[in-house]
Amino acid sequence: MKKQNNDKLKHGFQNLYQKIILASVVIALGAIVLVYFIVDPNLSIFKSDNPQTEIVTLPIEDDDFNKIENGIHVRTGFIEAPGMTETIQNCTNCHSSKLVIQNRMNDERWKSTIKWMQETQNLWDLGENEDVIINYLVTNYPPKKVGRRAVLTDIDWYQLEE
Amino acid sequence: MKRRSFVAKSSLGSLAVLLGVEVVYKELIPKDYRLLALQDTDPFKLFNKDEGMVVLNDKPWNIEAQAHLLDDRVTPNKSIFVRNNGLIPEEIDVENWSLTIDGESVKKKKTYSLTELKSKFKHHTYQLTLECGGNGRSEFDPPAKGNQWTIGAVYCATWTGVRLRDVLEDVGIKDDAVYFGYHAADIHLSRDPTKEPISRGAPMSKALQDETILAFKMNGEDIPLAHGYPLRIIAGGWPASVSGKWLQRISIRNIVHDGTKMTGTAYRVPCKPVAPGEKVADEEMCIIESMPVKSLITYPKSGATLSKGKKLNIRGHAWAGELEVTKMEYSIDFGSTWQSCRVEKPANRLAWQHFSAEVSFPQEGYYEVWAKATDANGVSQPMLLPGWNPKGYLNNACHRIAVKIT
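Just so you know, the sequences run in chain order Z and Y. For what it's worth, this note's numbering labels the leading residue of the first sequence as 1, then goes sequentially. For what it's worth, this note's numbering labels the leading residue of the second sequence as 163, then goes sequentially.
Warning: the hint list may mix true and false statements.
Stated by the list, open to error - No farther apart than 25 angstroms at their CA atoms in a straight line, the calculated lysine-lysine pairs in the DSS-like style are these: (1) Y:Lys423 / Z:Lys67; (2) Y:Lys441 / Z:Lys115; (3) Y:Lys221 / Z:Lys98; (4) Z:Lys115 / Y:Lys207; (5) Z:Lys98 / Y:Lys240; (6) Z:Lys111 / Y:Lys423; (7) Y:Lys441 / Z:Lys144; (8) Y:Lys357 / Z:Lys111; (9) Y:Lys207 / Z:Lys98.
Honestly, the hints are just simulated from the structure, not real lab data.
Given these sequences and hints, build the entire structure.
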């Protein structure tokens, strides 16, 4: 019996305790709303034409920026291989990577192209990166032999209606 | 109207960064917001180009056409190749645009406002063929440095403007004048304001031709920004780089103009023929003048399949720099035999000429239709690549399309 009474009492306290917490929360919320009304009586924060609307910042996708898909650096189109980062950092500031990728040269001609860019296009001294970059280019973009006239390729066949 | 003021009427970001045009309401752009132009760089919308054009380079912009896109007799903007050595000017103030004529060989330097230029001199309209000196570069072996143009860096549009000769007569030119050189508003890739991306020109004999004009209209409208708005010099039949865009100044020189891309190996070929891959010293390189004879089959598009017994109507254009095309032929047997095409007279000197022919095929199978033009001097297009040169200029080898008879 005593245990039962004790339990009852304990239960009563727990009930009271919960009610006190609930009341506190309600009072606290009420207080926040009241304070808000004092600060912002027009409720302007909830109006859609409010110029103070918070801007949700979309993070610049670091992942996309250096994303590699099927061995290709998506943003620049460069083949992922040793020297790619140095090439991106030094060779895509003034012109697009497309200009690099569409050219096929040996190391001597890349060297003279770099020299020309330094003399006329404000390219900086590449230091140790010069060899790294040239090695990357001649390895991944070697000249292809096409002969004096290549075979027609990539023909898109279609039925001609006249 | 300042060119930038209409930007406000178009979608906000579209032209802004790519064209380098000022972003009009930039103070209203929320911090960290990425302009549409940075998210989606669609050059076809940007420059009003056909979606079939091929982007070779996006900084600087270099875009070429395909043969079948050049089928119109007068090329519309949507099929005109874009060639830039530098960045497109960021702000075009057309109201205050002026042209200055200076140099060692002018009697007195003179400046004209654009309005003055248009009102003071007689207007002339010509169809003029412009082809990039490096058109066809992609076929050279060993490969040549630069944008790898295939066949689409050529067109013939209608240009309206005043004759350079009339303006030079008004200015007064000394007897020792040998060359003109242009200066323009485009921006060096390094953004170094002391450097010009390109400043080329031509001998006085070219400057004084009837068809060498200071143009302010292309195909009857303001010149599109990418093609030189608001003023461009047009020297048809010569490498298109002689036709300077965004023209601000012309220097009349008493020496061969020595501006950017006039010296070294730029727009030059070996004075004497060389073996493929041979090294050529700068002083052994000669400036390209008139472009060589060439032609394009613009209809049908390569890859046509037709049933046996049907005849194929082909058509296209032919041009020959300073000269006229006098003969046009086609072959379906890899040059073993040639049949003649009808070829029209040019609309005016330096305009491309239209050809057509009705082709029959003897049996089913794979064919290539090859086209060959011959100029007034009896010089024809080679079937193989012409003489190799270090920068890959002047490839005028015959154009061909693939055809299947089933």
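Each hint tested on the structure:
1. Y:Lys423 / Z:Lys67: Violated, because 37 angstroms separates the two Cα atoms, which is more than 25 angstroms.
2. Y:Lys441 / Z:Lys115: Between Y:Lys441 and Z:Lys115 the Cα gap is close to 16 angstroms, so the pair holds against 25 angstroms.
3. Y:Lys221 / Z:Lys98: holds (8 angstroms)
4. Z:Lys115 / Y:Lys207: violated (36 angstroms)
5. Z:Lys98 / Y:Lys240: holds (22 angstroms)
6. Z:Lys111 / Y:Lys423: holds (20 angstroms)
7. Y:Lys441 / Z:Lys144: holds (19 angstroms)
8. Y:Lys357 / Z:Lys111: holds (23 angstroms)
9. Y:Lys207 / Z:Lys98: holds (20 angstroms)
Of the numbered hints given earlier, the model fails hints 1 and 4; all others are met.
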